[in-house]
Amino acid sequence: MSSLSTSDLASLDDTSKKEIATFLEGENSKQKVQMSIHQFTNTCFKKCVGSVNNPDLSSQEEQCLANCVNRFLDTNIRIVNGLQNTR
Amino acid sequence: MGLSSIFGGGAPSQQKDTTTSAKAASNPIAIELKNQIAQELAVANATELVNKISENCFEKCLTFPYTSRNDPCIDQCLAKYMRSWNVISKAYISRIQNASASGEI
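Respectively, the protein sequence lines represent chains A and B. Take the first sequence: its letters are residues 106 to 192, numbered as in my numbering. Take the second sequence: its letters are residues 2 to 106, numbered as in my numbering.
One or more of the hints may lead you astray.
[Unchecked claim] Computed footprint of chain B on chain A; a stretch qualifies when at least three of its residues, placed anywhere within it, have a C-beta under 8 Å from a C-beta of chain B: (1) 110-122; (2) 147-154; (3) 184-190.
[Stated by the list, open to error] 20 Å max Cα-Cα, derived SDA-like pairs, lysine to any residue: (4) A/K152 - B/R84; (5) A/K135 - A/N147; (6) A/K137 - B/V51; (7) B/K91 - A/E166; (8) B/K53 - A/L109; (9) B/K53 - A/V138; (10) A/K137 - A/T148; (11) A/K151 - B/N71; (12) A/K122 - B/Y93; (13) A/K122 - A/S112; (14) A/K137 - B/V44; (15) B/K53 - A/S112; (16) A/K152 - A/T180; (17) A/K152 - B/N28; (18) A/K151 - B/N36; (19) A/K137 - B/N28; (20) A/K135 - B/N36; (21) A/K137 - B/A47; (22) A/K151 - B/A100; (23) A/K137 - B/I94; (24) A/K151 - B/N28; (25) A/K135 - B/A80; (26) B/K53 - B/Q77; (27) B/K53 - A/E166; (28) B/K53 - B/N28; (29) A/K122 - A/L109.
Everything labelled a hint here was simulated from the structure, so no lab data went into it. Every residue, glycine too, gets a C-beta built ideally from N, C-alpha and C.
Chain B with its partners taken away, still in its complex shape (with noise of 0.2 Å):
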C-alpha cells in the first residue's frame, strides 16, 4: 500500500468526521465499507499525480529524440512538482475560504 500511504489512505476520515463519529458505535460493516471506499479514493488520488508528474517532467526533462535518460532532472522535477502541489492547494483552499467567509458561494 505505498502509493494509497502518500494520501492518507488507511486512515479515513473517521477520527477527523465529527458529525459521524460523535454518534452511537459504527457497524463493523459501515466501517470496512468507509475504509475501503477511503482506500480506493487514495489510490485514484496517488495514481493522478503520478500520471500528471510522469507526463509534466517527461515534457520538461527529456528531448528528441529520447536517447539518454535523464534522471537527475526527473528527480528535481518531482520534488519541484510536489512543492507547486503544495503551493497551489495552498492558494486554492485559502481562496475557497475566503469566498465562503464573504458569503459569496
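Chain A extracted, bound-state conformation (with noise of 0.2 Å):
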C-alpha cells in the first residue's frame, strides 16, 4: 500500500477534509463498539466456557455469555447512576 505523502495531505480541499472527518466520526464509534465487545468476550468467555473438549458452545454456555454481557450492562448502568447520585 503506498503511503501518502505530507505534502498530499496538505492538498486536500475543505469537501475532503469534511468528508475524512465524517468517516473518523462514524469509525470511532464503530471502533468503540468493536472494543467493547473484545472485552465483553475475554470477561464473559473466562466465566462462561469451562473446559474445552469441542469446538462448539453448549446451549448453557451461550445462554451465559448472553447473560454475562446483559448483566454487565446492567451492572455499568448502575454504577453510573450509583455516582451520579452521589454528587
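Using the hints, put the two standalone chains together into the complex.
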C-alpha cells in the first residue's frame, strides 16, 4: 500500500477534510463498539466457558455469554447512576 | 494482509456509508486516506483478537509445568472463542438497538 505524503495531505480541500472528519467519527464509534465486544468476550468467555473439549458452544454456555453481557451492562448503568446520585 | 481480512480490511465502509458516498466523487487522496485508516483499524482489531484468544486459550489448555503442548485443545478453544465473540456481539448490538429504540441513549 502506498503511503501518503504530507504534501498530499496538505493539498486536501475543505470538502475532503469534512468528508474525512465524518468518516473518522463513524469509524471511531464503530471502533468503540468493537473494543467493547473484545472486552466483554474476554470477560465472559473466562466466566462461561468451562473445559474445552469440543469446538461448539453448549446451549448453557451460549445462554451464559448472552446473560453475562447483559448483566455487565446492567451493572455499568447502575454504577453510573449510583455515582451520579452521590454528587 | 491475511490478518486484516478477518475484520474486513481493504474494504472500508465507503460503499456502506451512504452519508458520505452520496456526495460527489471523492478526491483520490481522501479515498486513499480512508483506505489506510480502515486498514489500520482492521489490523488493530485482528491483533486484539489474536492476543485475547492466545491469553484465554493458553489459560484453558495448558497447565503447569508447561512441558507439553495441547494443539487439539487450542484449535477447539479458538473455534469456541470465535463463536463466543459472535454471541456477545449479537447480544450487545441488540441491546444497543433496544436502548436506542426506547430512547434510553
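Consistency of the hints with the structure:
no. : hint            : verdict
1   : 110-122         : holds (count 7)
2   : 147-154         : holds (count 6)
3   : 184-190         : violated (count 0)
4   : A/K152 - B/R84  : holds (15 Å)
5   : A/K135 - A/N147 : holds (18 Å)
6   : A/K137 - B/V51  : holds (18 Å)
7   : B/K91 - A/E166  : holds (15 Å)
8   : B/K53 - A/L109  : violated (32 Å)
9   : B/K53 - A/V138  : holds (16 Å)
10  : A/K137 - A/T148 : holds (17 Å)
11  : A/K151 - B/N71  : holds (19 Å)
12  : A/K122 - B/Y93  : violated (32 Å)
13  : A/K122 - A/S112 : holds (14 Å)
14  : A/K137 - B/V44  : holds (15 Å)
15  : B/K53 - A/S112  : violated (39 Å)
16  : A/K152 - A/T180 : holds (16 Å)
17  : A/K152 - B/N28  : violated (48 Å)
18  : A/K151 - B/N36  : violated (35 Å)
19  : A/K137 - B/N28  : violated (27 Å)
20  : A/K135 - B/N36  : holds (15 Å)
21  : A/K137 - B/A47  : holds (15 Å)
22  : A/K151 - B/A100 : violated (27 Å)
23  : A/K137 - B/I94  : holds (12 Å)
24  : A/K151 - B/N28  : violated (46 Å)
25  : A/K135 - B/A80  : violated (24 Å)
26  : B/K53 - B/Q77   : holds (15 Å)
27  : B/K53 - A/E166  : holds (18 Å)
28  : B/K53 - B/N28   : violated (38 Å)
29  : A/K122 - A/L109 : holds (15 Å)
This entry does not satisfy hints 3, 8, 12, 15, 17, 18, 19, 22, 24, 25, 28, going by the numbered hints stated previously.
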